[in-house]
Structure formats: C-alpha cells, structure tokens
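Asks: Going from the sequence shown to my numbering is simple: count from 1 and add 13.
Don't read these hints as lab results, they were simulated from the structure. Cβ coordinates follow ideal geometry from the N, Cα and C atoms, glycine included. Some hints here could point you the wrong way.
Unchecked claim - Ranges of calculated distance between the beta carbons of each label pair, as one might list FRET restraints:
hint	residue 1	residue 2	range
1	G109	P55	14 to 22 Å
2	R142	D82	15 to 23 Å
3	P141	D75	13 to 21 Å
4	A38	D81	32 to 40 Å
5	P141	G109	17 to 25 Å
6	L107	A38	18 to 26 Å
7	D118	G45	35 to 43 Å
8	L107	D75	26 to 34 Å
9	R142	D66	13 to 21 Å
10	D64	V117	28 to 36 Å
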Amino acid sequence: MAISTGAIPEAGERAGGANALEAGALEALAPGSALLVVSHGPNAGSRFLLDTDAVTVGRHPDSDIFLDDITVSRRHAEFHREDSGYAVRDVGSLNGTYVNRQRVDAAVLIGGDEVQIGKYRLVYHPAPRQ
Numbered sequence: 014m015a016i017s018t019g020a021i022p023e024a025g026e027r028a029g030g031a032n033a034l035e036a037g038a039l040e041a042l043a044p045g046s047a048l049l050v051v052s053h054g055p056n057a058g059s060r061f062l063l064d065t066d067a068v069t070v071g072r073h074p075d076s077d078i079f080l081d082d083i084t085v086s087r088r089h090a091e092f093h094r095e096d097s098g099y100a101v102r103d104v105g106s107l108n109g110t111y112v113n114r115q116r117v118d119a120a121v122l123i124g125g126d127e128v129q130i131g132k133y134r135l136v137y138h139p140a141p142r143q
C-alpha cells in the first residue's frame, strides 16, 4: 500500500502519487527524465529510469527494461520521449499494453498513470518541472 505524502498533485498529475521514498528519488531526476515503479507483479518496488529518447521493454534479454515473465512478449512495448514527457507504444505484443486498465496502441503518459505490461503494473512518475 502506498503512503500518501499529502501533497496536491501538480497540474496533469493523477492523485495517488509517489510515497515518501519515491518522492526523494523523483526530486533527484534530471529534467526530461522519468521513473517507472513496479506497483504490482513480480519485482514489486523495482524502479526503472527513463532517460533516453527511446526505451524498449520486453522479455528479450537485450531489452532496455527486461521483464522476465511469460506474460510479457519478447518485444512488448517502447517508451518514447516527447515534449511533454514520455509516451508508451505497444509494438505488437500478444497480451497488449494497458494504460489505466485501458488497452492502447499508444498513449501519452501523465504523472501517476499505471502502465500494465503482462503481470507488471508500472506507475509513471515524470521528473518535477523546473
């Protein structure tokens, strides 16, 4: 269960944001980067940094984010940096990619969005605005 910091979400950020530990990690993020935190599924609590223009996700060992579970396709999804943050795009996975429990081909993310890839639910946290 996440611990609420009591902070009011920034414009464009969903309620249910980062707990106190994650908030410290978010403050340290470079502008234009983001953090994905596994909220449910194998390796809950793991963090993945989004800090390049494109980040691949899948069960293939060469993926930037390696999710070792049969529910994840070898080449499942990609995160792409955009002006406003990051977007996620499904790259032909069998089980699909979901944002806030809605299956998507592609979606621009805002703070607090939950991205589901296989059994993994990852919460998107962009770097604080400068």
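Asks: State the violated hints by number, sorted upward, taking the hints as numbered earlier in the document.
Replies: Result: hints 2, 3, 4, 5, 6, 7, 8 and 10 break, sorted rising.
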